[in-house]
Amino acid sequence: MSENFQVNLGGLIDILANHLYSGPQVYLRELLQNATDAIRARKAKGDVDFDPTIRIELVTPESGPPTMVFEDNGVGLTEDDVLRFLSTVGQSSKRQILDRDVDFIGRFGIGLLSCFMVCEEIVVISRSLTPGSPTIRWTGRGDGTYEVEQLPSEAAIGTQVFIRSSVDAYEFFDPKFVGDSLARYGEFLGVAIELHHGGDVRRIDSTPPWEDDDCSSDDAIEDASKRLGGKILDAFPIQVESAGLNGVAYITRDSSAMATQRPHVVYLKRMLLSDQINNLLPEWAFFVRLIANVENLHPTASRETFVEDYEFEATREALGAAIRQYLLQLSHESPEQFRILLSVHHGAIKTLCVDDDECLKLFANWLPFETTLGRMTLGEIRKRTPRLPYTSTVDQFRAIEAVVQAQGRLLINAGYTHDTEVLNRLAEVDDELDIHAFDSQRFVESFESIDANDAEQAEQLTEHANALLMPRDCEADVVRFAPKDLPALFVHNEAADFLKSIRQTREQSDELWAGMLEQIADENEAAAYARLFLNWNHPLIRRIAVIENPELRDRLIDVLYAQSLLQGRHRMDAQERELLSRGILSLVDFATQT
Amino acid sequence: MSEYTIEELLDQAEDYELYDVQPFLLAQQAEKLAEASGRPEDLFLTKAKVAQYASHVDKIEEAMVAVAWCFANRELLDEIDPQDQYRFLWMLKNLLRKAVDLPAIRLEQIERVMQQTAEWYDEYGIGDQVIHLLRAQRSLIIGDTESMRQHWETARTLPRDSMSDCLACEADHRVHFCIALDDDEQALEIAKPILEGELSCSTVPHRTYSTLLYPLLRLGRLDQARQMHQAGYPKVHRRVDLVDPVALHIAFDVREGNTQQALERFEANVHNFMEITAYTDRYSFLVAAEFLFEVLGQDQSNCSVTLPKNFPLHREDGQYETATLREYFRAEAQQLAEKFDRRNGNDHYSNQHRKELRLEVGA
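For the record, the sequence lines run as chains A and B.
Heads up: the first sequence begins at 2 in the working numbering, then just goes up one per residue.
Heads up: the second sequence begins at 61 in the working numbering, then just goes up one per residue.
Bound-form chain A, shown alone (with noise of 0.2 Å):
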């Protein structure tokens, strides 16, 4: 023996209203979707010498629960529809019909039930179309009752809703909400929307943007950047046949790290489905937001995102190549405009370089770089040089950004997002250009050498420097260079690096893995050392050749080792700290007894 699911009505309407639609207010789209989906079906009936009109009679006593009428003169409702329609949870008129050329906007048969979350009875009044029906009353309530009868009155084409507030949601009758969420959800739907309280109306119907002539007029930026609350750079329409997607693609003013947070303004079939769809457009393109209605894609039950399968997929694509499309002609039409856009989204852009050789090639020369000489574009650093250097991390380029600098040679610090990962792709497909990694050993060969008068002391200096300096795996050197102001240069080594970390980590292990890292210790020993250059352009430096105090010597000595790792951001572990303060300490005491 089969029997039927019992539904608890009650219940469903909590998880209506608690876990499928954002809140008790979409009960107002969802009566606006079956109010256009009404008319809709009357016109697909070749019915069109009507007016198409949805008037909504709002009434709010001084005393007493506020109450609705929400009105169409759409296809109406047959005593079978009702029946069928009204009384049978999940069961949409709409759904019969799908395969055939009416734009429904609605499918899941559980609209009206969103009602119920703002009221505890529903009355629908209703006549159909079809020749003869008669006027039908459907009252249904929250418990799951409802009644249908015949009124003898024979009542004009379409349907009425009549809904009364329940006493926790007069908030959700208050004039301005119902106006600003019917104007909300239902301004571009090409239907007259009449809304009625005590005096007043207020129609609702709006121009959308994707029907604007000129999207990029200061009018329509203007009213873009209301409706999207943020600045805007410039808008094109963007369109996705497929998807019968047509929008206008607005590129934010914002940085790109804000735009993020910023979702696009999507409509299906000329209603808001959502102002928070934020996966409609490629990661990359995230400095672009969009105003846009669509009409084949599908949406989910809530109707405030989509589902996201092929087409969606499809349709992301589309409109990803349909923004780089508008970049590279605006770099080609509008180079000023397309400058001043880098300006604020080099980072996107450099994203989507990595990724697409055509852009890169093509915009590759407007991507803005730091430098040794300042920031430059890619366009400008080529003007003086095919050879660039880059390090890939910030600290690194930090560690030696002053030297460089002050040997007026270039330096591109690409520790930013994606700049060395753009600079490798290029590297590939520019041969004009020598990218490469700056080799910081190759570069300090270019130091001066001390002349012959100063030699003996430079050369002691180095040897006392090494005595100190090379148990730490690190070899010092007395050479002149610029800056004058910098009395020491640290140079790190990757391979010491390493070895200097195996050691550490060593000291704290147990046998088992401080045997492995002495094993791995030993592949690498032939490794080379990191390097302390001496300055001998700076006083300080000349000073401590003379010094004839070792102690005092060996101190500054460890302060300037120590101080050029701070300098530079180099590892500085437990030993190199005491140094310094060892250091300092003993420079203290050196000062207080003489």
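In short, the hints are calculated from the structure, not lab data.
Among the hints, a few may not be true.
Below, in silico cross-link-like pairs of lysine-lysine (BS3-like), each with a Cα-Cα straight-line distance of 30 Å or less [stated by the list, open to error]:
1) 399(B) x 153(B)
2) 501(A) x 92(B)
3) 295(B) x 153(B)
4) 252(B) x 295(B)
5) 369(B) x 362(A)
6) 295(B) x 415(B)
7) 227(A) x 177(A)
8) 362(A) x 295(B)
9) 415(B) x 501(A)
10) 384(A) x 415(B)
11) 270(A) x 44(A)
12) 270(A) x 232(A)
13) 252(B) x 153(B)
14) 177(A) x 270(A)
15) 153(B) x 92(B)
16) 399(B) x 501(A)
17) 415(B) x 399(B)
18) 369(B) x 295(B)
19) 369(B) x 399(B)
20) 362(A) x 384(A)
21) 92(B) x 485(A)
22) 369(B) x 501(A)
23) 270(A) x 46(A)
24) 270(A) x 227(A)
As the structure is a prediction and not an experimental result, all values here were calculated from the model.
Please build the complex by placing chain B on the supplied structure of chain A, with the hints as guidance.
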């Protein structure tokens, strides 16, 4: 000290593909900040991240050093975010799989680390399946097929858990095991759902195509091997974590007489070869390079090759004697094979594995 905070640097690292080297560099910067901060939990987190990103780009030695610190300070694992805890435990598995790639690490040391890891996993409710699978993979790499079979069979009897590989990776491992047991037909059968797109992940089917080249050639199915080659190479092109499959595709090009294409692919990937410390993958690339210059040398005594500046024989003009390059790669490969074989106590690398990498089938 740095323009960014630890959190910002680690957030930036998340923006990259896992097989990009940049997250590793960013994690290293974060590690320096953590060292200066004096907060042990920050240091643990950043060391864990360094190990994670290093292992993704086959910088195995660097990952081992960071993990050694984590083992020495294991109580700090509880101090970090649960999601990072899970990532750390997952990374341990990947690292153990790759530890055998370092010939300097002895097999009994690897086994002891596996035991330590199993104990650590046990504290977090993770079972032994993953450890047995790792042992099977270790045995596969060192050419001990009997041990591989035993551990694989044990792993199959144990339940999957949060540390189990994804289904695509599991199928890929089984393909490897079957090939090692000379059951090529079964390997192809297991690979079917991978090749038909039913099972996939970030490294599968990428590596599977190259894995199937050898068995297909062994079965005499050259057309199918060519299909695998054609579909497979674009997926591993320039992937620093997939130098091993790249090497097999280069060897296939050489075998097919497409030496020009092989040379282009060699040039496109040699930079990655220079970067990694996964010596098994380095060995694969060395053998493929030796094979390439050996065959090139049959027709031309000199060749024009773009080699990275840090390549030991690098010349600015890019002109090399083919025999010099062949000899360089041969000697490097041989030296590495000897290290592996000495450690493993057999001649698998010098002999069978070398043949497989050159796609030499038959007697």
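*What hint numbers does the structure not satisfy?*
Hints 9, 10 are the ones this structure does not satisfy, whereas the remaining hints hold.
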